Structure formats: structure tokens, C-alpha cells
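Novice: From first to last, the protein sequence lines are chains V and B.
With UniProt numbering applied, the first sequence has no gaps in its numbers, which climb one by one up to 455 at the end.
With UniProt numbering applied, the second sequence has no gaps in its numbers, which climb one by one up to 455 at the end.
Bear in mind the hints are in silico, worked out from the structure with no lab data behind them.
Given the structure is predicted, the values throughout are model-derived calculations rather than measurements.
Errors might be hidden in some of the hints.
It does not matter which identical chain is meant; a pair holds if it fits inside one copy or across any two.
List time: in silico DMTMM-like cross-link candidates among lysine to aspartate or glutamate, alpha-carbon distance up to 25 angstroms [unchecked claim]: (1) 439 to 271; (2) 354 to 404; (3) 100 to 404; (4) 313 to 229; (5) 439 to 316; (6) 424 to 123; (7) 100 to 349; (8) 241 to 283; (9) 241 to 288; (10) 62 to 99; (11) 100 to 283.
Protein chains: 2
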Amino acid sequence: MQTHIDALTELLGADQLLTGSDISERYQVDWSKEAPHMPEFVVRPRNTADVSTFLRYCSEHKLPVVPQGGLTGLAGGATPRDGEIALSLERLNGITELDKQSMTMTVKAGTPLQVIQQAAEAEGLRLPVDLGARGSCQIGGNVSTNAGGNQVLSFGMTRALVLGLEAVQADGTIVPAYNKMLKNNAGYDLKQLFIGSEGTLGIVTEVVLRLFPLARNKHTAVVALDSFESVVKLLNTTQSKFARLSAFEAMWNSFFQCSVGANPNLSDPFDEQYPFYVLLESENDALDQFQQVLFDELEAGNVLDAVIAQSGKDSDQFWAIRDSIPEVMSTIPQPYANFDVGLPVSQMEDFLDKVQSSLSERFENVESLTFGHLGDGNIHILAWTTHEDNSQAIYKHVYQLLNEFGGTVTAEHGIGYMKADYLKLCRSPEEIALMRVLKQAMDPNNILNPGRVLS
Amino acid sequence: MQTHIDALTELLGADQLLTGSDISERYQVDWSKEAPHMPEFVVRPRNTADVSTFLRYCSEHKLPVVPQGGLTGLAGGATPRDGEIALSLERLNGITELDKQSMTMTVKAGTPLQVIQQAAEAEGLRLPVDLGARGSCQIGGNVSTNAGGNQVLSFGMTRALVLGLEAVQADGTIVPAYNKMLKNNAGYDLKQLFIGSEGTLGIVTEVVLRLFPLARNKHTAVVALDSFESVVKLLNTTQSKFARLSAFEAMWNSFFQCSVGANPNLSDPFDEQYPFYVLLESENDALDQFQQVLFDELEAGNVLDAVIAQSGKDSDQFWAIRDSIPEVMSTIPQPYANFDVGLPVSQMEDFLDKVQSSLSERFENVESLTFGHLGDGNIHILAWTTHEDNSQAIYKHVYQLLNEFGGTVTAEHGIGYMKADYLKLCRSPEEIALMRVLKQAMDPNNILNPGRVLS
Chain V
1 MQTHIDALTE LLGADQLLTG SDISERYQVD WSKEAPHMPE FVVRPRNTAD
51 VSTFLRYCSE HKLPVVPQGG LTGLAGGATP RDGEIALSLE RLNGITELDK
101 QSMTMTVKAG TPLQVIQQAA EAEGLRLPVD LGARGSCQIG GNVSTNAGGN
151 QVLSFGMTRA LVLGLEAVQA DGTIVPAYNK MLKNNAGYDL KQLFIGSEGT
201 LGIVTEVVLR LFPLARNKHT AVVALDSFES VVKLLNTTQS KFARLSAFEA
251 MWNSFFQCSV GANPNLSDPF DEQYPFYVLL ESENDALDQF QQVLFDELEA
301 GNVLDAVIAQ SGKDSDQFWA IRDSIPEVMS TIPQPYANFD VGLPVSQMED
351 FLDKVQSSLS ERFENVESLT FGHLGDGNIH ILAWTTHEDN SQAIYKHVYQ
401 LLNEFGGTVT AEHGIGYMKA DYLKLCRSPE EIALMRVLKQ AMDPNNILNP
451 GRVLS
Chain B
1 MQTHIDALTE LLGADQLLTG SDISERYQVD WSKEAPHMPE FVVRPRNTAD
51 VSTFLRYCSE HKLPVVPQGG LTGLAGGATP RDGEIALSLE RLNGITELDK
101 QSMTMTVKAG TPLQVIQQAA EAEGLRLPVD LGARGSCQIG GNVSTNAGGN
151 QVLSFGMTRA LVLGLEAVQA DGTIVPAYNK MLKNNAGYDL KQLFIGSEGT
201 LGIVTEVVLR LFPLARNKHT AVVALDSFES VVKLLNTTQS KFARLSAFEA
251 MWNSFFQCSV GANPNLSDPF DEQYPFYVLL ESENDALDQF QQVLFDELEA
301 GNVLDAVIAQ SGKDSDQFWA IRDSIPEVMS TIPQPYANFD VGLPVSQMED
351 FLDKVQSSLS ERFENVESLT FGHLGDGNIH ILAWTTHEDN SQAIYKHVYQ
401 LLNEFGGTVT AEHGIGYMKA DYLKLCRSPE EIALMRVLKQ AMDPNNILNP
451 GRVLS
């Protein structure tokens, strides 16, 4: 490995390499909380040309590379494995252009999401990608993992907000697939190959993003319901009656109580407990329209109670109940299984019933918390037993069930390394074969994030 | 060729083949109005398995195939060329499932767009893809060409509305890439390969579509403006002030007058002529909010006049001015150049000024009409000279200019056969090389729509 360090130092300059004890824990593990693992060394290019030089060298010498952005992933995609060189994009940082008329922003891969959000807002615009890791995650990682988050229902995943990009292929070829238009049907839409492929088909170095105007206004409420059927009915109603339903976050009572209890800054907005809660947010509605829709639902008996945020502070409190995941996690025994499954909305109730009953049948003292972006068909489940480490068995058990309901093992977190063995439970053999064709065609030496996505 | 007809008759049954004089003009040319061309024969499979059998045979015998849907394309993508067998998907017709709760519809490739629109509306939902050819075009073609149309600004291209699909690869492999969720990050998003690749990477046989609730209400207006700068200002204002700006169609005066003049059922809603007109439509706004935005624009002097539709009939009349393309075309001398270019909104004015001045410099008596989906960065230009057939020279001239402004030779119509030579003017050599890698990997015998997209 020292030969390669010397050669790359010669090619790129010593300031681009970190070796030995200079490699901080930052480069050793992502937020999935796996055991940290030292990369062979870290390369931190200053620009796209350097990324190209580095990858060309790695291809020639068949050296495996793990690309790293903000390392906020939850699937082990950026955690180094044996023999891998870490490629950190953190120095490709900055906004290249903000075109207010065209409502686009061109940014380098290592730019933190929050920096982009703030730059857009300073111009009266916004990038509607938002997730808890906003301060740490980098746009290149958001694009490579097709990040989801809190605004998918109305604006789509990150994929929908990428108009163009620049990527570097495994052999060092720079692909300038820039585009600033909403519509461009000139040939294959190559950017799609690099979005969501978790760094296995190429390295995203720059991105052209679609921006939107700020919302005219926003209203937030938490409502309480009696049954899952009512939750789905409320989803359908609010989607048709609100000008723009921008969030529909479901919380089962067990999660809701756990969150309120785990976070000393939170209080339950209701006087009693209910089986289900939904945090919902609408954009561009007049307040009376927003209130009327909820009032009608109360009158009809579909909603049991509702609290409308009267201030930004209220709204922040409601969101904090949904977002107190770290606090919730700190109250449950390690290790737990942490699901990010997706299902058609129409299948969800049956699936969750089946999970409950079959987990209880299979495991002793099993407990679980359920919540998620219901409007997107994305449910998070935390499940654990008190007696022993059953988490791997719980994963296997639930993923097997999911298969019967046409669901996906990952709606937003990605496959990474940790779910690569489960891909076959939600993708057909023909799909996986075609994925291998693409991987072989674009990275024949298998140097880009090997073992992630495809095991 | 008779050997192949015999073999395929044996494999598929005689009722699936059309030969000789049984091949009507329907199978010979698309709406691009090229010269009709007889395919060797036509195959009309009844199901996906038959498509697979047919393609496997063609791959083995290296027989070129031109896939056909409703043949409403404008780029020659579905017009047969020498030696090609036409594969018509028209018999794969029907709705497999409409899941109201999940707001999805699964449909076979040969189902006409309008049938799908109506089935959704019958359930209080909608598929927000709409274009003039809705009665003839088929969803498989819409997906394969990533159709644009009138609602892209708010809902995106067809690509954004496809959740999953089934496709058949060149070698006959059926790829069941179904998915009903908004979010699914399990591996590469393979459907993207088949969307917009114009049948060159595989044949789409079934599609899972995302549906939306019907709009709460709609308001339509035509406004008159003095300058292109005002048009862009209005676009930015209405995008931020309307609940959902669903259409923003710009018409230059020459087009507007020509359309009103060419269609005896239309009248000019204004008493005098203006340099620019915009047809705009908003969803989910109260009428007074809609009126107030336009009133403020009038007060500020950015808009010179505005007429708000008072009825569905008014709105239809306004749309007819925008949609009278066949009537407009009948008034201008053949052959004309017909552009579907895309540009960043911020580049559009300079580009169009340059087109005007340089066309006048280069050609005698050149005339043109300009209109388009301005909010999407998509401009249509019709240009012609009275003296001689300059249309090919006009194409070349304008595409060369476009290159300097970062534009695309096709925003929505696609490359097909007719623009394959111009792809290199708006895609980099590295992009085209990567397109060839994909084509080679997925269709090594080059049997699927050869010569389209990649020449």
C-alpha cells in the first residue's frame, strides 16, 4: 500500500492524502453505528480533475474505493471495509451558480445541505430536500443515496430535484451531464445512473439543483385518530382538500408516548392517549380553509381530536415529537432492528398486523415502535427483545414478510453494505441481473464501493 | 424474410402477424409526416410473453425491430426504416389495477392515454400527463419517449409519474420492475433506463403510474405583456404567489395573431395587439387570490392587460389559441423547420434575439412563429423561408446557436431518427460514449430501434 501512497502523493500532492494517525474517526464509520474501520488511507481531492486522476490510478491498480460525503448514511455505504481507500469529497465545497430566473443552483458535491438551503432562502427560494442530518450531510451524498426526508410527498425524492450533474466514472472519465432545464429529452438521461446508486457506478462531483419559491404560508397540526383506516382516509382527504399537503407523518401511540416521554422539552398536546397520531402540514392554504378541513373531519368522526399550531414555536414542538429519534433510541435496549420499509399504502395495515402477530409468535417479549412518512408509503419500525440479541433474526423475519406484500426493504436509507443480502427479497432475479450488467459495464474492475448494493 | 415470417407464425400464431397489403398506413409513419415506409411485416403480440418470444427470435437472428405505440411521435422514432419489423404494442391494452388508497394505476403499454385519464377521473383522481395526442397516443409510447405536455411545470415529465414498470430486454428477458411506492431505494432505479430511451434499450410492456387527486379548483387567464423581461418576471411572481401554477404558456404576438386568424372559432380576447401573451392557469387558489395577483401585476405595470376565464368555455377558448398548432401549420408554407428546443429561462431572451437576427442575416425572407411551455424552459419555433427549401439549413443554423447557450435540441419530442445527427450539439462526447456503453451492454446486436437516439 505504501507504493500507492507514494505514487498518489506524487500525482496529487501530499496535502490531498491522510494516512495513519491523521485519519480521524470521521472517516471510519457512518451514522449506522457499525464498528469503526480504518481505511488504508484517505484522499481528499480539491477538484474534479483530481478525483479523475485518483480514480484512473485506482482502476489501473484495481484498488477498491469507498466514497465519503458527510457520512450520515444509515446503511454502512460509506464505512470503510478491508483494504479500501476512502475518497472524501469534502473539499469540493461551494456554490458555483445560483440562477434566480431559472430557479436553479449549481453546487459542488461536498457542500453541506444546510448551506444550500440557506443560500436558496436568502434569494426567496428553497431546495425542498430536508432531513435531520442537514447540517452534516453533503449534497453529493444526498444525490448518490437519493435522499428522502420530510418533503417527499409534495416534491419527490432528491432524484426529482436534480436537473443535471457532473460525475467521474471508475476509469477517471469525467462525464459533464449538466442541464438546467426541467425538460431535456436529448438521449438517455444519464444522471439517473449516478443518482441513488450509492457511489457504485460513479462519483458525483457537482450537481445542478431545481429550486422552488418559498411557500406562501404553512399550517401545521397534530391530529389523533382511532384506527389505521381513519389514518388512510385522512391522507386521501387532505391530499385532495389542501392546496399542497406537504407532510403527513404517522405515529403509532407507542412511538408518540415514547418520544414525548424521552424528551424533557416536549409535552403531549392532548389530554388523553389515542391509538394513532398524524403530524400534517399544508402549504398555501388560507388558515380558515385549513381549519375547515380538520373541523369537517372531526365532525364526521374520522378524527378524534386536533391541535393546530398557533405559532412557529408550536409547529417546532410538533415536529420535535416526530424528530426525537435519537432520544427515543436512547431509551430502548441495544441492539434493536431499525426498519425503513416501503409498502403500497393499501397494503400497510395488513402488513403491520402481520408483523405484530408473527413477531410475538416468533420472539419472546418482543417490543416495537412504529412511525413514518405514511404519505410516501414509508414506515420506520424499531423492534427489539429484552432477553437476547435477536436483532438479525428480527430483520430476516420482517423482510421475509415484506416480500409477500410487494414492499421494499429500504424506502430511503439505501442498501449500502448492511442490506445487500436482502436485496433479492424485494427485487426480481432479472432486475438484479440487469443491475450487474450495468455495474460490469461501468465499473469492470469493481473498484467503486464494492459490496455495497450488490453483494 | 419469408423464413422469419414462417418461423414467427409458428412461434406466435398467424393472428399476430400482418404482412403485405394487410399493413395499413398506420404502421408506416408517425406524426412527424416523413414519407411513409413499409415495415418488412408487423407483429402484434397479445401479451408480454409473446413480446419476449418475438424479441428472443429477433436477437438470435439479428433482425432490427421498430417498436410502435400510437405513432404520434414527432421525431421519426416509430417510422420504419429499411429492413425493420414493426412491433406494435396496441394489443397490450387495458387497466390491470387501480389502487385508490395508494393512488396508483397499473396499465398495459398499449392503453391510450385518454382511457387512463378517464379511468382515473372516474375515481376522483387524475394522471397529470396531458398532450394534444391524448386520444391516439399510448402510455407505453408516452413512457418510452418521456412525454412532456401541458402540466410539466407542476407535475414533471412522464418520468416523474412512473413508479414502476415491466420491460422486455433485447434478448427476450422480461424485467418485472414493478413498484407502487413513492420511495424505493433498493438498488439501481432500473425503470429510468427504459423511460425516455425511445425503445432502444428495451420494450415497455406495463406501467405503474402515480395518480393525484383532482384539483380543488382551477383558474385560467390570458395576459398581455410588453417585453420578454416582463414575461419572466410574471413567471417568477406567479410561481411564488399562486397555490400551484399549473400552466405558463407563452405566445409571441406573431404566433398569437396567426392562431386566432387561422381558426374561425377563435376570437382575440383583447382589443389591441401586444408583443407577448401568456396563458396561465392556477390550481387550488380562491378566485379573489387569483384575481389579486393579476391585479397587482397590472397596477405595477408589469402586465398590460388580462382576461380571466369566467367559465369552462372561456378557458377552452384560451387553450384553443395555444393549441391550434395544426391550424397554424396549415397557413405556413411547407417545408418549415419545427423546433422543440430547451434553454435555461435566464438564457432564453438572448438566444431568441440571436436566432432572429442571425436567421435574418443568413436567409432571405425568413419568417418565424414562437410559442412554448416557458415555465419549463421549452420553446417551440416554426421557421421558414418563402423562396426555397431552406428547412434543413435552418435546423442546422439554429441548433448551432443553441449550443452556445447551453440548450437542448429537444425538450420533449425526443431525438428519434430525425435529430440523431444533432445529439452531439447538446451532449458531450463523454455522455454520448456512456450512452453507447449502455446500448452495447443492453442490446449488443443493435436490434432495438437502431439508428434512433444514437446514429
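Novice: Checking an output row: residue 100 and residue 349, CA cutoff 25 angstroms. Within, between, both or neither?
Specialist: So residue 100 and residue 349 pass the 25 angstroms test across copies only (15 angstroms; inside, 44 angstroms).
Novice: With identical chains, the pair residue 354 and residue 404 could be close in the same copy or across copies; at 25 angstroms between alpha carbons, which is it: within, between, both, or neither?
Specialist: Answer is within; shortest intra-copy Cα gap is 11 angstroms, inter-copy 59 angstroms.
Novice: Under a CA distance limit of 25 angstroms, which applies to residue 100 and residue 404: within one copy, between copies, both, or neither?
Specialist: Between copies only: 20 angstroms across, 47 angstroms inside.
Novice: I want to check one pair: residue 439 and residue 271. Are their C-alpha atoms no more than 25 angstroms apart within a copy, between two copies, both, or neither?
Specialist: Classified as neither; 55 angstroms inside a copy, 62 angstroms across copies.
Novice: Within, between, both or neither: how does the pair residue 100, residue 283 come out at a Cα-Cα threshold of 25 angstroms?
Specialist: both (22 angstroms within a copy, 24 angstroms between copies)
Novice: Regarding residue 241 and residue 288, is the shortest C-alpha distance of 25 angstroms or less found within a copy, between copies, in both, or in neither?
Specialist: both (12 angstroms within a copy, 18 angstroms between copies)
Novice: Should residue 424 paired with residue 123 be assigned to within, between, both, or neither, using CA atoms and 25 angstroms as the limit?
Specialist: neither (45 angstroms within a copy, 35 angstroms between copies)
Novice: For the identical chains here, do residue 62 and residue 99 meet the 25 angstroms Cα criterion within one copy, between copies, both, or neither?
Specialist: Answer is neither: 40 angstroms inside a copy and 48 angstroms across each miss the 25 angstroms cutoff.
Novice: Please work out whether the CA atoms of residue 439 and residue 316 approach to 25 angstroms or closer within one copy, between two copies, in both situations, or in neither?
Specialist: neither (43 angstroms within a copy, 50 angstroms between copies)
Novice: Please work out whether the CA atoms of residue 313 and residue 229 approach to 25 angstroms or closer within one copy, between two copies, in both situations, or in neither?
Specialist: Intra 31 angstroms, inter 40 angstroms, cutoff 25 angstroms: neither.
Novice: Is it within, between, both or neither when you check residue 241 against residue 283 at 25 angstroms Cα-Cα?
Specialist: both (12 angstroms within a copy, 12 angstroms between copies)
Hints 1, 4, 5, 6 and 10 from the earlier list are contradicted by this structure; the remaining hints agree with it.
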